[in-house]
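Chains as they are written, first to last, in this note's numbering: chain A, 1 to 263; chain B, 1 to 380.
Careful, some of the hints might be misleading.
Unchecked claim - What follows is a set of in silico ranges between Cβ atoms, one per label pair, in the way DEER data are often shown: (1) B:Phe234 x A:Gln28: 28 to 36 Å; (2) B:Asn189 x A:Ser156: 43 to 51 Å; (3) B:Ile163 x A:Leu123: 35 to 43 Å; (4) B:Arg372 x A:Ala117: 54 to 62 Å; (5) A:Ser96 x B:Phe339: 18 to 26 Å; (6) B:Ser178 x A:Thr155: 46 to 54 Å; (7) B:Ile163 x A:Lys65: 41 to 49 Å; (8) A:Ser156 x B:Ala364: 18 to 26 Å; (9) A:Ser156 x B:Leu369: 26 to 34 Å; (10) B:Ser49 x A:Lys127: 40 to 48 Å; (11) A:Gln28 x B:Leu338: 56 to 64 Å.
If you're looking for bench data, these hints aren't it; they were derived computationally from the structure.
We put the CB at the ideal spot given by N, CA and C, even for glycine.
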Amino acid sequence: MRILETKHTTMRFGGVTAVEDLNLYVDQGEIVAIIGPNGAGKTTTFNMMTGVYAPTEGQIMLAKKDGNLEDITGVRPDLIAKRGVARTFQNIRLFSELTALENVLTAQHLHVKSNFATAMLGLPQYKKEERAFRKRAMELLEIVGLADQADSMATSLPYGQQRRLEIARALATDPRLLLLDEPAAGMNPQETQELTTFVSQIHEQFGLTILMIEHHMQIVMDISHRIYVLDFGKTIAHGTPDEIKNNERVIDAYLGVAEDAEG
Amino acid sequence: MGSNQTVQGRLNQPGASSHKNRNRILTAVTLVIFVVFLFLADQGIILDSYGVRIIRLCGVYTIAALSMTLINGLTGQFSLGQAGFMAIGAYTTSLLIIPPEVKEQMYYVTPIQGWVRDMQAPFLAAILIGGLLAALIAFLIGFPVLRLRGDYLAIATLGFSEIIRVIITNVGSVTNSSIGIKSIPDTANIWWTTIAAALCITLVYRLMKTSYGRAFKSIRDDEVAAEAMGISLFKHKMLSFVISGFLAGLSGGLLASVVGVINPLYFRFTLAYEILLIVVLGGQGSITGTLVSACLITAGKEWLRFLDSGFSIGPITIPEISGLRMLVFSALLMVVILFYRRGLFGSNEFSWDGLFRLIQRTGARCKRLIRRGEKGGAAK
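Make a model of the complete structure from these sequences and hints.
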């Protein structure tokens, strides 16, 4: 079942075409990767999918709960998040003055059913909700291995843990589709290996569909079902990891000598 | 199983403190001392009416500063419209509590409108109506201005605040234009202002503990991330702006009753800067910091008044220079900002544990200094 699809999506900034005629789809339960050199338009693609930018041309379709596709072109980011799309950021964007726990709790605000007055008066309905939020937040921190850091300020955590906290925060919105923007950026080989395991684990555990941007070929080749390769805004290839590895154009534009990708 | 227990443990005692009982007792004792102090002050035993007035102003400015802390420090929206909202609260409250005969006499340039003359309300209702009206205006202003960010928002809110003031100056039949309003009943005694300030602190404190409060803070920390996590920026900014407007209106109403005389000039943008000063000094984003700094600045400005009237230090006699007070005050502020760049409290809140840690640290530092001094002496 299709969960996300872009139809002839183009994004221009003045004279620069960041993404051109992108036709990408993600099916339920897949792990799909977008790769490409710097400036290829990968993050712009994410920003269009999450409503940060409205595409200049084309459409973005997202599956509703009942499975029918709905046009979400130009819908506000918070409403797209409510429709079940969560993301992490290339340059970590945690809430710096909040603790790790509060960061995760904040991402559950979109589930709040109590209105403002009920929350202010601390009525039982709200208290119950807040308790459930805290329980869930602690569970998520447990999953990403940060339970003992719950009360630490988000920015005081080491880099790798901040990345994992961002994933926990994204998971707290209860997404169907998770967009990971370079989750392994700045990680050493061992951390990358751990991340690979972690991503496949949450993929299974939460029944998630994952779309990720990544430069580490090891993680991309290991876990993704399909790969899109962008270069200067154009989609130059699309296929399974094996197909991509042996694609001449991809090797020219991005992977370089084939041995590198193997190693 | 083990992990589940840690989850449960945390849920029951978020940020558990080992000194819970001690802290409770300290809080209770402080509160009792404070209430006794207020009682004695109110009876005129330990403070004269001038001193009492300063304490009343402390309460008023605490509320005004809280209003700015909420929108600027806790929601991260740089708004400078407080003076306008305070003016709305002040005028509404004044006109509701001054008896009709007195009002009629006051409006000698432009005759007063009938409904303005006849409207009356008890004090509590009057300040609440003042606050609600300010909140309503904040709601209307919010639609255009909350789409702006940073400096642009500051300029726009400041502009609207001036517009409110200009309107007040020009609708003489309602506001008595630039002559202003006098003989405002002195209802807001020390209890009114203190209890109002305490309630407002509780309100904002509670608010920040709820999920909505966390959403405010997340917008302050990173708008892009907050929006990506499903938080509607406009809705929450508006909520914060309206509550902030309400608090400013409320403080305006109390202010009118404390000072007794108001006119449009009182609510110029300088008033907003004065409040901004309190917020910056206290630490943007700290509720207790706002309280401490509101009291320090209000009392400090009055206490430094002796500088204006001429004084002598030993053989040097300083002549009467009006404005010297503000010069010294500014210098003191600069010193504070140099040493505490994020204000006295930063974005932390006061806690007994924190106070004891501070005392311990300071004690240890003093000991080190003394030891170093002894060593230095021995070397000689």
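Quick rundown of the hints versus the structure:
no.	hint	verdict
1	B:Phe234 x A:Gln28: 28 to 36 Å	32 Å, holds
2	B:Asn189 x A:Ser156: 43 to 51 Å	46 Å, holds
3	B:Ile163 x A:Leu123: 35 to 43 Å	39 Å, holds
4	B:Arg372 x A:Ala117: 54 to 62 Å	58 Å, holds
5	A:Ser96 x B:Phe339: 18 to 26 Å	23 Å, holds
6	B:Ser178 x A:Thr155: 46 to 54 Å	51 Å, holds
7	B:Ile163 x A:Lys65: 41 to 49 Å	47 Å, holds
8	A:Ser156 x B:Ala364: 18 to 26 Å	23 Å, holds
9	A:Ser156 x B:Leu369: 26 to 34 Å	29 Å, holds
10	B:Ser49 x A:Lys127: 40 to 48 Å	46 Å, holds
11	A:Gln28 x B:Leu338: 56 to 64 Å	58 Å, holds
Checked against the numbered hints given earlier, the structure satisfies every one of them.
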